[in-house]
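Chains as they are written, first to last, in this note's numbering: chain A, 1 to 175; chain E, 1 to 316.
These are calculated hints, taken from the structure and not from any lab test. Just so you know, nobody snuck in bad clues.
Simulated pairs of lysine-lysine, BS3-like, Cα-Cα distance not exceeding 30 Å:
id, chain 1, residue 1, chain 2, residue 2
1, A, Lys79, E, Lys301
2, A, Lys62, E, Lys57
3, A, Lys104, E, Lys245
4, E, Lys301, A, Lys62
5, A, Lys5, A, Lys62
6, E, Lys2, E, Lys207
On a predicted model such as this, the values are computed, not experimentally measured, just so you know.
Now for the letters of each chain:
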Amino acid sequence: MSEIKIIITGTPGAGKTTAIAAISETPPVRTDTATTDELSEVKEQTTVAMDFGELTLEDDQKVFLYGTPGQRRFEFMWKILVQGGLGLIILVDCTREDPLADMKMYLENFSDFIAETGAVIGLVKRDMTDTPPLDEFYQALNQQGLMFPVFEVDVREQGDVALMIDALVSLLEYS
Amino acid sequence: MKYLSSIGLSVKDENVLKSLIDLLGARMSEEWHYRDDVPADALLLDVDNPDAIATWKMRPETARRNTIAYSNSEPGFALTRRLAKPLRAAELIAVLKDIEQANDELAVPVVGSEATEVTTLADCVDRQGNGVMRLACGDREVVIDRSRQQFCSSESGESLAALLTLPLPEYQISTGADVRLPSEASVRWQDQKAVLWLVGQCGSHGKLLDGVDRNGLFRLNRWPGFGPVRPSHTVLSLCSLLSRKSAMGIADMREATGLPEFDIIAFINAAFLTGILDIQSGDVARPETGAAKPEVSTERKGLLAKIRSRLANPRT
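Generate the whole structure from the sequences, applying the supplied hints.
What follows is the structure, given as structure tokens:
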């Protein structure tokens, strides 16, 4: 039986590790190391290979949740992690300078994978600063000929993470 | 002929209920029968029984209309019609007559409207346009201020959804200058999209809004913000279906999902009320027959269903 996996990607500090921890049955396996680049001001540690969590289905089949490293210099890891993946969740940190550009960058980099599967966009930390309205994210998707769900989420909340996966599953079945 | 059913009653209560129904006869304007195998016009729910409530919540909205809460005490459960235990004929007759009457009076004029008739809450809210509207039932209320795009309510989450499920005649409706707004300090105003979504989902009762072309082709221009109530599988499926590049008609949606038209109409109305629905005339070229059917293998469908089931039952 092939591995069933859902990929969670997004900007550094968006909460990929937190999202996996919120829903995984087992404590996520993490590959964090001390931050040395410009991120060190906002984040002490960052993921360098992947985060990993799991869900067990009723027949004991496992769904694996993989969190990619956020920084673009780990792009080579993204290509490896998505192989055979079910779909993609993109977390966008809305406190960053240009969240729309961040979303577009991930859509572009994962375009081949997304074309074969589907994606859900999770906007995080929208309450902390002035950010583009939700409509602008949909317009940006529309400009690329895409129509994916965009949710405002708190990735510490199991329900919010479950909603993103649930929406992804529906997309895979019906869109 | 009308049918009554029940969920969660003891064997004794169920037998008493069946006997009482048989005895109602001429006291009712309609002939009532106890049946579990047909869609019921009224449903008696033992709200002291948590398993019964769980079963009830899984039933489609069509099957939950006219639910009567049956309880030992005042239930902490937002249902308008109640019967105290043990069952008494007079009280049962009163509540069933109330259901008969509510169905008869479904067509009522909306206050402040252009003298046209509306039959559902969704129609009522849709026609209200930009003004202020207060919907009340007993001590429960919702105030929608369309000009400020906000709402406030005494209820939240599932109890707000339950309040918006009632038949239209059960609300006291006031509009415009007649609405006494709650003091700013006492309420929390929220984005109206959440309540408009619920009005469409809960208050459509199978009737498409007047402004929506039944033969139209539909597509979402964005996904809804679901607000206080977590979306069901039905809602997520329809969102996904209407996110496709080609717009779809109601019949296509039924074919693709197997969902009843009642649920599809509730979804379309909710999407229309919240402004996320694009509608094309049904006269434009339709997608080829069969295009509505997603090509997902049975094995894959099974896997996706298992993931969905797992998400609905979180483990701590």
